[in-house]
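Student: The primary structure of each chain is shown beneath.
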Amino acid sequence: MFTGGLGANSDPAGENTDVEQGNITREDLARSLCQAHGGLSLNESHALVDAILDAVQEGLDADGRVKIRGFGTFEVVRREARTSRHPKTGELLQIPESNTVRFRPSRKFFSN
Amino acid sequence: MKVPDLVNLISERASLPVEQTKPMVEVFFRSIKSALKEHRRTELRGFGAFEVRDREPALRMNPKTGEKVHVGQRRKVVFKPSRLLVGRLRGGA
Chain A
1086 MFTGGLGANS DPAGENTDVE QGNITREDLA RSLCQAHGGL SLNESHALVD
1136 AILDAVQEGL DADGRVKIRG FGTFEVVRRE ARTSRHPKTG ELLQIPESNT
1186 VRFRPSRKFF SN
Chain B
10 MKVPDLVNLI SERASLPVEQ TKPMVEVFFR SIKSALKEHR RTELRGFGAF
60 EVRDREPALR MNPKTGEKVH VGQRRKVVFK PSRLLVGRLR GGA
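Which chain is which? The protein sequence lines are A and B, in order.
Numbered according to this note's numbering, the first sequence spans residues 1086 to 1197.
Numbered according to this note's numbering, the second sequence spans residues 10 to 102.
Heads up, some of the hints might be wrong.
[Stated by the list, open to error] Okay, derived cross-link-like pairs now, DSS-like style, lysine-lysine, Cα gap no bigger than 27 angstroms in a straight line:
id: 1; chain 1: A; residue 1: K1193; chain 2: B; residue 2: K85
id: 2; chain 1: B; residue 1: K89; chain 2: A; residue 2: K1152
id: 3; chain 1: A; residue 1: K1193; chain 2: B; residue 2: K31
Derived from the structure by calculation, the hints contain no laboratory data.
Based on the provided sequences and hints, a complete structural model is requested.
Tutor: Structure below.
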């Protein structure tokens, strides 16, 4: 039942132009969830997609790391402050330290 | 944080029972994975984008035998976080 496949027919009406380029969007994921669950409306499925992505972000804030078995790990990494030059004007820029997110795919990513 | 905690959070947020949320979370990540296996980019506005890049196999010498070997043609998953995600993160840009 929960196949989760995104075949070429995930957008039969051809409304989503991203599908033609092969891109997967929130819309496609909401449709897969809708189909897999059977009892959720498309709106509820969209809300579920939002909830999943929000939860990953919260997990990152809380733990600095979110590990999804068979998929990969999201991790907060710190970027140190540095000085750089504006590529056009050549003026020196101070870039303050910041945090960003790194994703490392699970070792089994392509094998299952 | 791992999947079970994630499922609890999501279940609460989406007001969906945990038993229903868990398979949905699995479908979600499996869908992204199967799209990437077909080299389809996954773009989640406000979160980030995943794509697969191919790394050409490199020709290397085996230092012991002098043999030439092709070293791993590899598929690599690249995630580019959205500026919105980074901005919402504690201490993010």
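Student: All the hints need checking, so say for each whether the structure fits it.
Tutor: Now the hints, each set against the structure:
1. K1193/A to K85/B: Distance ~12 angstroms between K1193/A and K85/B Cα, so the pair holds.
2. K89/B to K1152/A: holds (17 angstroms)
3. K1193/A to K31/B: Distance ~20 angstroms between K1193/A and K31/B Cα, so the pair holds.
Hint violations for this structure: none, all hints satisfied.
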